[in-house]
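Each protein sequence line maps, in turn, to chains X and A.
According to the UniProt record's numbering, the first sequence holds residues 1 to 317 in order.
According to the UniProt record's numbering, the second sequence holds residues 1 to 322 in order.
Hints should not be assumed to be uniformly reliable.
Covered by chain X, per the in silico footprint, the following chain A stretches (three or more residues, Cβ under 8 Å) [what the hints assert, rightly or not]:
1. 59-69
2. 114-124
Pairwise CB distance ranges (calculated) [as the list claims (entries may be wrong)]:
3. X:E4 to A:F315: 37 to 45 Å
4. A:H303 to X:E314: 40 to 48 Å
5. X:L138 to A:D195: 52 to 60 Å
Listed next, the stretches of chain A that the computed footprint assigns to chain X, with coverage defined by at least 3 CB atoms under 8 Å from CB atoms of chain X [as the list claims (entries may be wrong)]:
6. 75-88
7. 98-104
Bear in mind the hints are in silico, worked out from the structure with no lab data behind them.
For every residue, glycine included, the Cβ atom is placed at its ideal position computed from N, Cα and C.
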Amino acid sequence: MRREGSPWTGLSTIAVKEAADHLTSARMLFAMALVVLTAIGSVYGAIGQLKTTVGEDPFLFLRLFTTAQDPLPSFVGFLSFLLPLVAIALAFDAINGEYQRRTMSRLLAQPIYRDALLAGKFLGGLLVLGICVVVLWLLVTGMGILLLGLPPSGEEILRGLGFLVVSLAFSAVWLAIALWLSSLFRSPATSALAALSLWLLFSVFWPMLTPLVAGVLVPLDPLNPMTAIQQFELQHNLSRLSPNVLYGEMLTGLLHPSTRSLGILFRSQMEGALVGTPLPFSQSLLIIWPDFSALVAGIVVVFTLGYVSFQRQEVRA
Amino acid sequence: MSAPGKTAPRMGGPVLEVQGLVKRYGAVAAVDGLDLAVEAGEVFGLLGPNGSGKTTMILILLGLTEPTRGRVSVLGLDPLRQPLAVKRAVGYLPDSVGFYDQMTARENLRFTAKLMDVPRREIERRIGSALERVGLGQVGDRRVGGFSHGMRQRLGVAEVLVKDCRIAILDEPTNGLDPQSTTELLGLIRQLRDDGRTVLLSSHMLSLVQTVCDRVALINRGRIGLTGAVDALRDRVLGGSYVIEVEAVGLPLAEVLRDLEGVGRAEMTGRRSAKIHAVEDIRPAIAERIVQRGGALQRLAMHQPSLDDVYARYFEEVRNAA
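Bound-form chain X, shown alone (with noise of 0.2 Å):
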C-alpha cells in the first residue's frame, strides 16, 4: 500500500532538536569530559615519550596518535573504548526514553512518519559525535604543534581526515546499536544493560575468544602447514565482526603507513618490497577499504534492525 507524503517530513526538526538536547544533557557533559580528559594525558605522555625520538621518523604527528606511555594507553586505543561508550551514552534511550516520558504518542501525532523520528534521532546523535571527534582531533593536532614544535605536513593532514571519516563511521555503529536496543526494549535500564554488554563484549571478551573459536573448528594439523593459515585466517574473519577490531585495523593502515598488509603476508608478496618505507595515501586507503565498507554495511544492517523493529511497534505502551 502506497503512503503519499515524503518519509523526510519533519526530519530536519528532529535532528536539530536531538543534537541540542545532547549538547545541553549533564551525561554528554560527564562523557565529554572523561574522554577529552584521557585525550590530554595519552598525548602528553605520547609527547613525553616522541622528544626522544624527534628526527627519526616522517610522520612524527601520526605518533602522537599510536604512541603509548606505558601506564597509559595511546590515544587511538582510548578513543576505541570510549567512543562506544559516547555512542551508548547518546541513544540507549532514545526510543524507549519517548515511551517513559509518553511523549511518543504526541510526537507521532504531528505530521512526520516514523521514518524521521529514527533517522533524525540517528542523524542529530551523528552530528554530536561528529562535533566530538573533530575536537579531539583538533585538540590532538593543537597540542602537537604546541609542544613538539612542528606543523603537520599535508599528508598528515590527509591521513588525520581519515582518521575522522573512520572515526566517525565506528561511533556510527554503536550509536545504531544502541538506537536499535532502545526501540527492542521498553526500559531504559534494559537496553543500557544490553549495549555496555555487548560494547565489553567486543572490546574486551572478543579477542580472547576468537581463537578458541578458530582451534576448535580448524585444529592444527602438525604435518598439514595450510591448517596453521586456515586457522588464523577463520580468527582473523571472526574478530572482523566486531567493530573495534575493524577500527583499529583501519587505523594501523592510517596512522602507520608502513602498514603493508592487515592479514598474512608472505615473503613471496615482499620481494622488491624497501620493508618499513611508507606507502602514498591512496596505497593505504586501499589496505583499509575492505574494512571501512564492512563497517559502513555494519551500520546499515543495525540501523535496518533499529527500523524494522521500530515501525513494527505498537504506539500505546
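Please build the complex by placing chain A on the supplied structure of chain X, with the hints as guidance.
Only chain A this time, still in chain X's reference frame:
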C-alpha cells in the same frame, strides 16, 4: 504522485467516519466491528470502561495503528494512505500527555509547531496566544519539569490550539485531575467547540462529559452500544422511568398512593416517606391527592437520572446478556 485535490480535506458530511472497524491483538479483539460518524462542529463523547477500545480506535483514526478490517475516513482522507494530511488536520491530546521536562513550555510548543508545518513567522504569535488562552501565559518560560498534571494537560490543549486544526481528539482529558482543573479543562473544551472545531472526547468519567458533549456513544468490548444525545440515551436505556420521593404527614401515605394513576411501584422508605417509580412525571397529581385527603405535603422531589445511571444500567444489561 497524486493531484493536490486528492489530499485536500473534504468539506461537508461527517468529519469522522468509521465503518465495521476491527482491530485484533492476537486472539483479542480490542475493537470489534465498530461504526461511528461524527458531524462537523459537535462535541462527541466516547464513553466506556477502561479497555473498551477507545484509545485503540483513536490511534486508528490518526493512522498510528493499522486496523485489521474496516474503513476509516477523516475529513474524507484515509489515515492509512494519507497519514500526514490527516495528522495535519487533527490535533491530538493523548491520555496523560508527556512533555520534555528539561525544556520550557514555550520550547516544547515551538518544537512541535515546527513539526506541524506552522509558518515560521506565525509560530511565536500562535504560541503566545495559545498559552494565554489556557492560562499558562505567566509560566511559558518555565521548565515543564515543574508543572503539575493539570498544567501539563492544559499545555496539551495549547498544543492543539497552536496546530489550529479542524478536529481535536482528546483521550481521557480529565483523567486524574482535581475538580478545579477539571472545570477549567471542560471550559477549554467548550472554547474549542465555539471556535468551530469538531471535538472527539473519550472518557469513563460520565457526569463530567455529560456537561460538554452534544452526542455520546457508549462503547463496550470494542463495539458501540448506543449513540445519541444525552437525553435521548437516558430515555432509551432507562425506558422513561421516573423516581419521585414523597414525604407527607397526617394521612396513611401507602394507602393514598396505591390507586394513583401512573404509579408503577411505591415503596415506603419510612413511616411518612415513600419512593415512587412512575412512567411519567406525576408530581402534580401526587400533590393534589395528598392535599385533597387532608394531608400536609412536606417534600416532593424527582430524581433526575444522570448519564451515570444510563451508563450503569446499560453496562449492567450488557453484562447480564453475556
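Checked hints:
1. For the region 59-69 of chain A, the stated coverage by chain X holds: 4 residues have a C-beta nearer than 8 Å to a C-beta of that chain, and at least 3 were required.
2. Judged by the Cβ-Cβ criterion of 8 Å, the region 114-124 of chain A is covered by chain X as claimed, because 4 of its residues qualify and three suffice.
3. Checked against the given bound of 37 to 45 Å, the beta carbons of E4 of chain X and F315 of chain A, roughly 40 Å apart, stay inside it.
4. For H303 of chain A and E314 of chain X, the Cβ-Cβ distance of about 44 Å falls inside the hinted range of 40 to 48 Å, so the restraint holds.
5. For the pair L138 of chain X and D195 of chain A, the beta carbons lie near 54 Å from each other, so the given range of 52 to 60 Å is met.
6. With a cut-off of 8 Å between beta carbons, the region 75-88 of chain A has 8 residues touching chain X; three or more are needed, and the interface restraint holds.
7. A stretch counts as covered by a chain when three or more of its residues have a beta carbon under 8 Å from one of that chain; for the region 98-104 of chain A and chain X the count is 5, and the coverage holds.
Of the hints listed earlier, there is not a single one the structure fails to meet.
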